[in-house]
Each structure stands twice: as C-alpha cells, then as structure tokens.
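S.K.: Residues per chain, in single letters:
2 protein chains.
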Amino acid sequence: MAEKKLVEAITSMDEDFAQWYTDVVKKAELIEYTSVKGCMAIKPYGYAIWELIQKQLDERFKETGVENVYMPMFIPESLLQKEKDHVEGFAPEVAWVTHGGLNELQERLCVRPTSETLFCDFYKNDIHSYRDLPKVYNQWCSVVRWEKETRPFLRSREFLWQEGHTAHATMEEAEERTIQMLNVYADFCEQVLAIPVIRGKKTDKEKFAGAEATYTIEALMHDGKALQSGTSHNFGDGFAKAFGIQFTDRDNKLKYVYQTSWGMTTRLIGAIIMVHGDDSGLVLPPRVAPVQIMIVPIQQKKEGVLEMAYALRDRLGGFRVKVDDTDKSPGWKFSEQEMRGIPIRVEIGPKDIEAGRCVICRRDTGEKIEVRLEDLEEKADEILEQMQKDMLERARAHRDAHTHTAVNMAELEDILNNEPGFVKAMWCGDQACEDQIKEKFAATSRCMPFEQEQISDTCVCCGRPAKKMVYWGRAY
Amino acid sequence: MAEKKLVEAITSMDEDFAQWYTDVVKKAELIEYTSVKGCMAIKPYGYAIWELIQKQLDERFKETGVENVYMPMFIPESLLQKEKDHVEGFAPEVAWVTHGGLNELQERLCVRPTSETLFCDFYKNDIHSYRDLPKVYNQWCSVVRWEKETRPFLRSREFLWQEGHTAHATMEEAEERTIQMLNVYADFCEQVLAIPVIRGKKTDKEKFAGAEATYTIEALMHDGKALQSGTSHNFGDGFAKAFGIQFTDRDNKLKYVYQTSWGMTTRLIGAIIMVHGDDSGLVLPPRVAPVQIMIVPIQQKKEGVLEMAYALRDRLGGFRVKVDDTDKSPGWKFSEQEMRGIPIRVEIGPKDIEAGRCVICRRDTGEKIEVRLEDLEEKADEILEQMQKDMLERARAHRDAHTHTAVNMAELEDILNNEPGFVKAMWCGDQACEDQIKEKFAATSRCMPFEQEQISDTCVCCGRPAKKMVYWGRAY
Chain A
4 MAEKKLVEAI
14 TSMDEDFAQW
24 YTDVVKKAEL
34 IEYTSVKGCM
44 AIKPYGYAIW
54 ELIQKQLDER
64 FKETGVENVY
74 MPMFIPESLL
84 QKEKDHVEGF
94 APEVAWVTHG
104 GLNELQERLC
114 VRPTSETLFC
124 DFYKNDIHSY
134 RDLPKVYNQW
144 CSVVRWEKET
154 RPFLRSREFL
164 WQEGHTAHAT
174 MEEAEERTIQ
184 MLNVYADFCE
194 QVLAIPVIRG
204 KKTDKEKFAG
214 AEATYTIEAL
224 MHDGKALQSG
234 TSHNFGDGFA
244 KAFGIQFTDR
254 DNKLKYVYQT
264 SWGMTTRLIG
274 AIIMVHGDDS
284 GLVLPPRVAP
294 VQIMIVPIQQ
304 KKEGVLEMAY
314 ALRDRLGGFR
324 VKVDDTDKSP
334 GWKFSEQEMR
344 GIPIRVEIGP
354 KDIEAGRCVI
364 CRRDTGEKIE
374 VRLEDLEEKA
384 DEILEQMQKD
394 MLERARAHRD
404 AHTHTAVNMA
414 ELEDILNNEP
424 GFVKAMWCGD
434 QACEDQIKEK
444 FAATSRCMPF
454 EQEQISDTCV
464 CCGRPAKKMV
474 YWGRAY
Chain B
4 MAEKKLVEAI
14 TSMDEDFAQW
24 YTDVVKKAEL
34 IEYTSVKGCM
44 AIKPYGYAIW
54 ELIQKQLDER
64 FKETGVENVY
74 MPMFIPESLL
84 QKEKDHVEGF
94 APEVAWVTHG
104 GLNELQERLC
114 VRPTSETLFC
124 DFYKNDIHSY
134 RDLPKVYNQW
144 CSVVRWEKET
154 RPFLRSREFL
164 WQEGHTAHAT
174 MEEAEERTIQ
184 MLNVYADFCE
194 QVLAIPVIRG
204 KKTDKEKFAG
214 AEATYTIEAL
224 MHDGKALQSG
234 TSHNFGDGFA
244 KAFGIQFTDR
254 DNKLKYVYQT
264 SWGMTTRLIG
274 AIIMVHGDDS
284 GLVLPPRVAP
294 VQIMIVPIQQ
304 KKEGVLEMAY
314 ALRDRLGGFR
324 VKVDDTDKSP
334 GWKFSEQEMR
344 GIPIRVEIGP
354 KDIEAGRCVI
364 CRRDTGEKIE
374 VRLEDLEEKA
384 DEILEQMQKD
394 MLERARAHRD
404 AHTHTAVNMA
414 ELEDILNNEP
424 GFVKAMWCGD
434 QACEDQIKEK
444 FAATSRCMPF
454 EQEQISDTCV
464 CCGRPAKKMV
474 YWGRAY
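Keeping their order, the protein sequence lines are chains A and B.
Those letters in the first sequence? Residues 4 to 479, by the working numbering.
Those letters in the second sequence? Residues 4 to 479, by the working numbering.
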C-alpha cells in the first residue's frame, strides 16, 4: 500500500510533462520553494548532484589550464554601462542595490547577472605585456537575473554556475579557446551526464549581448523541447576596446586583447531530469549519482540479514553506496530508491544469503539480475558502466527519432505541432525569416550546427537561396 | 640586481606590520583591489589556497554527518526582522536591493550577511517529526556586510565563507554539536594551517546577535594582536520560537527545535599570512600550499639540466610540484618562490647532476639540505611533514611568549602597551568592567577559555571577587 502511495503521487510524464517535472523535483527532494520569490533552496540531494558536476567539470577545466578566481558580486552601474550591447542586454533584468547599511549609495550597484565587466575591469590593470597572456580564469558563483516566470533549475532569479573569462593576444587564439571550451562542455554532457548534444553557432539574433560569436550545445528533452545547455562566446576585441585592455606585444606595439567567456549552470540538473526521468521519478547517470548503489535488506529483522547488508556495503566501498536500514517496508524503500534515481538497487534477504547470491535491479531498465555474492563488485562495476553507456545511447536514439526535416513553412508547422522535437531546415541568413518563424510557431533557431547538411536549396521560410542549415525548435 | 628589487619592495614587518601585510597580499599575488569599494578580487594563487582550505574543511565536516545545501542570497526585510536581537545586530550593515529590473520591489531584500533567517524559514516547512531531526546542513557561499573600514581578507564588504546551520530535538544535542564544530575548527587550524588556537566562550557582550552562547577560537598574530578565527553558536530555541519551528516528538508532543550555527571565512588566509609570514613574504604550511615544491634549475641552458628538472618533477608527482623554467635568473626565481611562501625549493644544476644530488631549501628556516637524488621523494616528504609540525610549534612558542598575566589595571595597561599579546586576567562577570577595559585600553575580552586558571582572586578591573579567567587583547 505504502509504496503505491509514493508512486501515485507523481503525475505521468505523458499526461502533463510540466507537472511531472515539478513533482520529480519535489519528491526526489532536489529543491524546496522559498519565501524569496523566484529563488529556490537546493536541498542536500540536489546539491550533491551539483557537487559531482562541479568536481568533474572543474577537473576538465584545470586539464586545459584554467585557473579559478573570485570577483566581487556587485557591479557599479557605470561599469555595467561601458559596453553598449552588453548593458542593453542585461540592464532590464538585474537587481539593484541602492543602500548600504543606513545610507543611500552614491552610485547604485547591480548584483552580477554575469561578470564580463568585472573581469574586464580586472584585466585592464592586470595585463600589460604579451608575457601576461593568455589569462584563462574561471569562477564558481551564483548570479542573479530578475526573471518574471521561474521554474526550478531551468529559470530562477538566482542560480549557480561557473563563468570562464579569458584574454588572448590574437583573435585566432580566442576563437580556439571558445571552441575548445564548447567541446569540453559537449564531452562533459555526453560522457558524464549521458546527454547527447548538438554543437553549433547561434544566429546573430540569438547571440550573447556583446559577443561577436556565440557557440552553443543544444540538448533535446523527453517532451521534444530543446534546452540550451552551455554557451561559449568569442568577444573579439569589443570589450577590450570599451574597457581599454591593452598589452605590449613582442613587436613592442600596443594592442587590444581578444576575449572569450563560457558558462554552464544548475540548469544542467533540469536537463538530467528531463532527458532521463520516467514515471517512477528521477533516473541518474551513475557518474553524477550521489548514491550509486542502494542496498535494500529483505526481511531485515531475520538474523544475519542486516549484517550481510553492511558487509556488502563495506565490500562495495569503491562506489557511492548506502544501506537502507530504516524501518520502512521493502516496497516503500524500492519506490524511494526509484524516485531518487539511484542507479542500482541490491536486494538481499535470507533466501539469497542461503543461496549465496543477491539481486541487482537496474534503475533505467528495471531489469533484475541474479548475481553470485563473490562476483558482486565486478558485476556492479560492469552494470554501472553499461548503464552509463546505455543511457547516452537511449537519449541519442530518442533525439534522433525526434529530429525531422522540413523544406517549407507548412512542413515546419506540421512537425512542430504534431511531432515535437528538432527540425532541421535551411535558412537564407535573413533575420526577418527567423523573426517570422518565431512569431508564427513560437520556435527559435537553436543553432547552425557544425555538421551542416543540405536539406534543400531554399530557405524554409522565404524560398530564397539558402545559406545555412539550422536546428529549429521550441525551447525551455 | 633583479632579486634585490623584488625583496626590497616589501616593508619590514617590524617596521610597519600593516604595510608589510598589504605588501605581502599584493606581491604574493593573492588579491587585487577592485572598482567596487571594499570588495577584493581573489587572484588564482589566493583562490587556490581557499580551495585547499575548502576541500579539507569540507571533508572534516562530512565525516561528522554534515550535508551541503544552497539557500537564496536574498532575505526579505520582514524575514530578517523576525528575531529581535538578530536584526538589531545586522540591519545597520546590510546591502539593500530595492529594484528588480526596471521596477521597484514591493518589499526590499537584503543581501545575506549570514543566513540564520533563511535556514529557519526553510526548517519551518521541512521539519515535522523527530524523524526529521537532526538537520546538519552547511553552505559555501559569499556574504555581504557593509563595513566602513576594510582590509584584504580580514574585513571586506563581501567575503567567502561556510555557514553551518543545524536543528536538534534537545538542547543537549545542540550544545554537543556547537562544541563538536568548534573542535573541528580548532583541529583544522592546528593540523592544517599550523595555527594554534585558544578555545573558549565569548562573554555576553561579545556573543553573536541572537545566540544564547557563542564559542570561539582565538589565534595570536605575529604583531601580538588577536584574530577571531572561527565561531560556533548555540541558539537554544530562540530562533525556533521566533520562526515557529516545531516538531512532534516521540512522546507525541509538539516541541520547538534547538539550533546552532558555525562559520569560518577567507579571513583564515589573513591569519596564515600574519602568523607565519616573514620579511621575505608569505610562508605557507605545506597542507595549504598550492605549490609545495618549486624546482629551480641552475644554469638551465646547460645540456641535461632542464631535462633533469622535469624528470624530478615527474618523480615528485605525489606532491603539488612545479618547475620554474622561465628565463628569469635563479636569484629572481628564489625570491619569487620565497615571496609566494612555497614550502620547499629544489635547486638542481650541472654540478649537482654530476654529483648525483640536489639541494632542498626550506622556506620557513632557510636551511639548505643536500639530498642524494635517489632519496628525493622520501626526503621531500619528510621535510614537508617536519615543516608542518615545526610551523605549528613555532607559532605556539610565539603565542606562549606573548601571553602574559595581569592582576590589576596598571599591569594590564603596561602589558598591552609594551608587550602586545594575550593577557590572562580575572573578571567579576560584570559587563561594566569589560566596557571599561575596552574604553581605556582598546582591548576586548577574546574569550573565557575552556581551560581556566586561577590568576588571582579578584577582578582585574574592579577588585571584586572574580568568577572567570578571561583572555584579553587587542584584535583585528
């Protein structure tokens, strides 16, 4: 009875995907709403996922020479205004501090929505010579954007992220770093989060405020909507000119630096939920699962059962493992483990002990595998590895099955309305067509993928000669 | 010549300790001042120290069952006001957000100066039964206090810290956790930072706004001034009553929870500088040194020297090790390594290679040790271990030599003015005496140490019967 209650409490994803998402976020104990409108409290289980993301992403950063720093959280208004496009993009959605203690500030400060301006202000004083380049800095922090509509992880007024900010002697080197970090992001999503992504370039309409070029990785959620999962920007020397960041080059000439920035956020947790989750709750890829193996003793009051459960836990010490020794029923424990997306459940009861075996149940497939106790470590390792791979392949198959092509507006509309997913279609390069598609179908250009295909010769919208293939879609 | 310039650029610590501190902070490249008044940019080397502090402190937390979470950075004004003493303590020094985007907020929000109120608001909804207790949560974040006078690491308008917030079923359990975390802090300071601390209780005058009891660890800096290095507070059920945090206990009665909080900050980096530094710059305890060993090749253009330096680096892979292969002179490299406080320098040149040896130079003592190349790993390990221990003992000896006793106001004044350090003196327990000492000598009660001694029978100030021995001192 008890286990039914827990499972019944979440909405089916096919019935109401938005409600299913909210249910999972709450029932898996990832977040809690707070008295601060639009801001969430990230609970221990949600934060443990973020810690695993941070650790593995930070390691990958450091392998490419990234150094971590910390800049102030406030930006004086005059600093924010130095780069014209940038301030236009961000000023409407920042939080303003006007008072410090009992006094009104002479100049108001915004809480950083992103820190390009602060890094520029820092680099201006820190970079003098070509010997000081490149600078490849990153910070882990929270940022604030005053969103009107918010959803846990996907869009909140405050969120956690990392923001990398680099400075280089040449445009070529900046471009190389921009692409390098996009590839770090893409590999991380695929290898760690088991989320396949499309790598590409944003159109001018969709690029970051102040950037010369924005690159993106785009993932497809279970409901066929796209999620921008990480972006990497090449600023050229635009910010350097606005802030006066110059260096003396080898040829003794004073030159402006070229800059990049790149970021990933707690939004990734939303992506994990919406790519891998099912009607029993969360499904976590083993590499970001705070608990990879939950051991559930069956008839735990019988002699020797709990002892065996603890002994197995100790043997599985190389994994993130726990024993559920609470006084709940096994069925209740099963559905809790499922709701929390713990990759492997190990069931062990008196009969298993007698037979010298246990049962491993895979969270993603529900498959039950009988394992001899002496093979447990090896089997657990094998199954977790397999699960990590299978989850990526399953997500890739889902994405491919939900990627269509359209050669005209009628086809585009038909697909967007009836078979949600990515639509590959040609584009003339004119923003008017992009605007029209957005207005008519509420779909946006997700990216111009690096891997271009020739779907047709003409723009899906205006019929003029096409220049680029674009991924279109409705997006979070 | 070059090396001289670098060394000469810092003020001697005995000449002007404050200027010496500022010089070290800048020349060791720990921080940079920013356009945001009172806020600093933490540079890669400074942040790497913080990362090592975080990692080792977080591990110790998790061993005691702490779980990490993340609460919003904003506190609605009405929430801040719920606990009377707390709001009085913090309201005068918070930054207020009054506008979100283009609109004025209905209720202004302060940027968290500390998060008791947010955790209380969260616990109110999250705790229902004794089964939900204890809650032992912590977050790593930045906080803002609108200080008038600021100094890098010691006092800045924004700083990084961790804040633990716990909830318990009984007062005893809360008190136990309060002391447990104080001991974690003390052990961490001594074992990792090589900083000896006095553990004790704050007087009512000095306790945290809203706390029933505040415990502290107090360290003595090289100049004889005290630095409060970590605090742990027992709130009793005061906050629980103000916020209505109740649970149903085993006896089916509704009860208020008992709470604690405890924090340590980037101020610890200031403590490391001021306890261990010398006139050549920073001296880092090996356990928090981002680079533990710097290999400096001598006559590096000679055949085989750089190759040997790299080979040694590879052999020392178990440590945090680097080769300084820049084109600077060895002397310049030496003074840079000294300025940055890197514990061990390994010098290797053509003659050393021929003789099958190298020279290890200890940063703390300047001692040069000839080591046969085949013994290098073992010797390096031994020396780093020894250095970690010696630094703690040296700091302890300095503190003990600068701890005096006073039995009356004349003695107290004489010591404070002529032999800066801790003064142990008896106290009647009356705040009037505490106020008087502060007013006359600008010294405060640092703590009532757990290890009490009987210095005399009467209060150092008023001569009435004494109740407690107190550590007094001038403090940062």
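Think of the hints as simulated: they come from the structure by calculation, not from any bench.
Be aware that a few hints might be false.
Treat identical chains as interchangeable: a pair holds within one or across any two.
[Said to hold, decoys possible] Straight line, CA to CA, 25 angstroms or less: simulated SDA-like cross-link-like pairs of lysine to any residue:
| no. | residue 1 | residue 2 |
| --- | --- | --- |
| 1 | Lys-40 | Leu-136 |
| 2 | Lys-256 | Glu-54 |
| 3 | Lys-30 | Phe-250 |
| 4 | Lys-85 | Lys-228 |
| 5 | Lys-138 | Lys-325 |
| 6 | Lys-371 | Thr-406 |
| 7 | Lys-127 | Ile-458 |
| 8 | Lys-58 | Arg-290 |
| 9 | Lys-65 | Thr-329 |
| 10 | Lys-65 | Glu-107 |
| 11 | Lys-87 | Glu-18 |
| 12 | Lys-256 | Met-311 |
| 13 | Lys-87 | Gln-434 |
| 14 | Lys-127 | Phe-250 |
| 15 | Lys-256 | Asp-417 |
| 16 | Lys-30 | Lys-244 |
| 17 | Lys-138 | Gln-57 |
| 18 | Lys-30 | Asp-129 |
| 19 | Lys-85 | Gln-455 |
| 20 | Lys-228 | Leu-108 |
| 21 | Lys-331 | Ser-283 |
| 22 | Lys-244 | Gly-432 |
| 23 | Lys-210 | Arg-290 |
| 24 | Lys-471 | Glu-456 |
| 25 | Lys-40 | Ala-94 |
| 26 | Lys-40 | Cys-144 |
| 27 | Lys-208 | Gln-142 |
Quantities reported herein were computed from a predicted structural model and do not represent experimental measurements.
S.K.: Looking back at the numbered hints, which does the structure fail to meet, lowest number first?
M.R.: 1, 2, 4, 6, 7, 10, 11, 12, 15, 16, 19, 20, 22, 23 and 27
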